[in-house]
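Using the hints, position chain D against chain S.
If you read the sequences in order, they're chains S and D.
Heads up, the first sequence is in UniProt numbering, so the first residue is 1 and it goes up one at a time.
Heads up, the second sequence is in UniProt numbering, so the first residue is 1 and it goes up one at a time.
FYI, nobody ran anything at the bench for these hints, they're computed from the structure.
Just so it is clear, CB atoms sit at the ideal spot from N, CA and C, and this is done for glycine as well.
Treat the hints with care, since some could be wrong.
[What the hints assert, rightly or not] Under 10 Å between C-beta atoms, here's a sample of chain D residues computed to sit facing chain S:
no.	residue
1	Arg86
2	Arg92
3	Asn102
4	Arg168
[Claimed, not checked] Not everything, but these chain D residues come out facing chain S in the computed CB check (under 8 Å):
no.	residue
5	Val105
6	Ala111
7	Ala172
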Amino acid sequence: MNVLKQAKGFWFTIVLAAIFFVVMQFLINGEFLNPFYVNTLYTIGINIILAVSLHLVIGITGQFSIGHAGFLAVGAYVSAIITMKLGLPFPVALLAGGVVAAIAGIIIGIPTLRLRGDYLAIATLGFGEIMRILFLNIEYVGGASGMTVSHLITWPWLFGCVLATIIVIVNFTNSTHGRACISIRENEIAADAMGINTTYYKVMAFVIGAFFAGVAGGLHAHNFYIIQPTNFSFLKSFDILILVVLGGLGSMSGSVIAAVLLTIITAFLANYPELRMVIYSLVLIVVMLFRPQGLMGTKEITAFLKMSKAAKGGAQDGSRHTVA
Amino acid sequence: MAAGTPLLKVENAGIRFGGLKAVSGVNLELRQGELAGLIGPNGAGKTTFFNLLTGVYVPTEGSISLVGEKLNGLAPYKITKKGISRTFQNIRLFSDMTVLDNVKVAYHSLARHSILSSIFRLPSHFKGEMEMEEKAIEFLKIFKLDHVLHEKAKNLPYGQQRRLEIARALAAKPKLLLLDEPAAGMNPQETEDLMNLIALIREKFELTILLIEHDMNLVMGVCERIYVLDHGQLIAEGTPEQIRNNPKVIEAYLGEEVS
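With the rest of the complex left out, here is chain S (with noise of 0.2 Å):
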């Protein structure tokens, strides 16, 4: 809670994530890890970034919006343009995909995060078709049938880009700008006639999600060998919006986790095809029935070390992170 603690657990964090990166990199170079498993930790990864953007945008400032995948899209596309055809550097590419994702949020978030509910989902679902479709009808980005993009991920970089995610987010949720955020979803009335800017933080949110998601597209094109429009469907977005719901609307820690188990569970029923969707449909469906408000509910990983804690202590607040 004060700034002594947080920043005590903000390097507790950063010396376990230190740790579990040179475990993970001495078994990925000394080829312990086979082929398939450092992809699903890659998977892993990217999926985490979209996860924790997407929940961004919903979890926290209560913004329904189902068109991540187009921001995805950009991402791809444009780091695949600036490494493939313009023979840039990898990195350049990550950057340049997720500010032109951020462009792209900015144009599409000022005039659609005017509507609300139903109306907000379907503007954004919307945005993601055109996305695909864009794509789909440029030669240059070798239309439907795609474009191959060289194998360029590595450890140290998806690893840097995942943790700036979550730094960036909990450092921005944990602030009066992430407060005024918060209270946009809780109440958007009232916190309009506290002097919240409310459109600037919607759009806002909306951003630095789609950075994200811009940044995460960039890593999944130059993990995949090759993009193709059919990649970022909304049945995309859709994939990302279950890890948010599943997780619990308003945890970071949650999405991770449902980020991890489920890529872990559709990489591994990849080997029953047939029975694939199936498993992975009642796996949601049995999750939802149990714990309708997803995995961690609205709380996050943190609340739970700190019970334990404290557990003779009175109501701890299970909403806050100490991350950072």
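Okay, now just chain D, sitting in the frame of chain S:
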């Protein structure tokens, strides 16, 4: 009436929704430090009038100005920054946020640290957040809510929720506070506490207050001046005594004597 510009000046203000005149031709002036009441039968347009003052609706006629500055057409959040703050008829707290965070949201417009300084956790972020937290805690002490700082707003008892809503509105540092039925749903004891609270904050924050209320004991007890709205138009204005005996007002309230 005292000389100088009035704090709030409403001239001929009104709004129509299609063919329906919800409020029309309202003239109203509030002096600095005044505590006025706005009453009227259900559907008279009282809340609509508040929505005009706070920018939720843009008046289709007339003008509204605060200390000589025109407010017509400004977005609600800008009007709040100019110094009008309100509570709602049906409580609108940020129910999943803590009591402390509810008040911190109202301090948001005073924050000077940028989004970037928060993301990169620059010193200005910590300084700004610390200041905000200290101020909010101090502030909640006045409202005797400091023992529930980390409780979620939705878990508070009803009376405390009302108090928190007033606290949150005051944290935005208004010159004019609009209270929309603050005593709705309260028992006599809670209403009494509320009256004391209103008197206290008015003195402490040098506020001007306009309140909508159906509880006549409260209105007659605390307000210095009362405006009566019926069918979207002001039908009377005066001291509680004058209003009590005004035949038009008695008629508006179904011929029943208000006492």
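Minimum beta-carbon distance criterion (8 Å), alanine 111/D to chain S: holds, 5 Å
Per-residue hint verdict: arginine 168/D, partner chain S, C-beta under 10 Å: holds, 7 Å
Restraint outcome when alanine 172/D is required to lie within 8 Å of chain S by C-beta distance: holds, 5 Å
Interface hint compliance - arginine 86/D to chain S, C-beta minimum distance less than 10 Å: holds, 6 Å
Asparagine 102/D as an interface hint toward chain S, with CB separation required under 10 Å: holds, 8 Å
Satisfaction of the arginine 92/D interface hint, Cβ to chain S closer than 10 Å: holds, 4 Å
Satisfaction of the valine 105/D interface hint, Cβ to chain S closer than 8 Å: holds, 5 Å
Violated hints are absent here; each numbered hint is respected by the structure.
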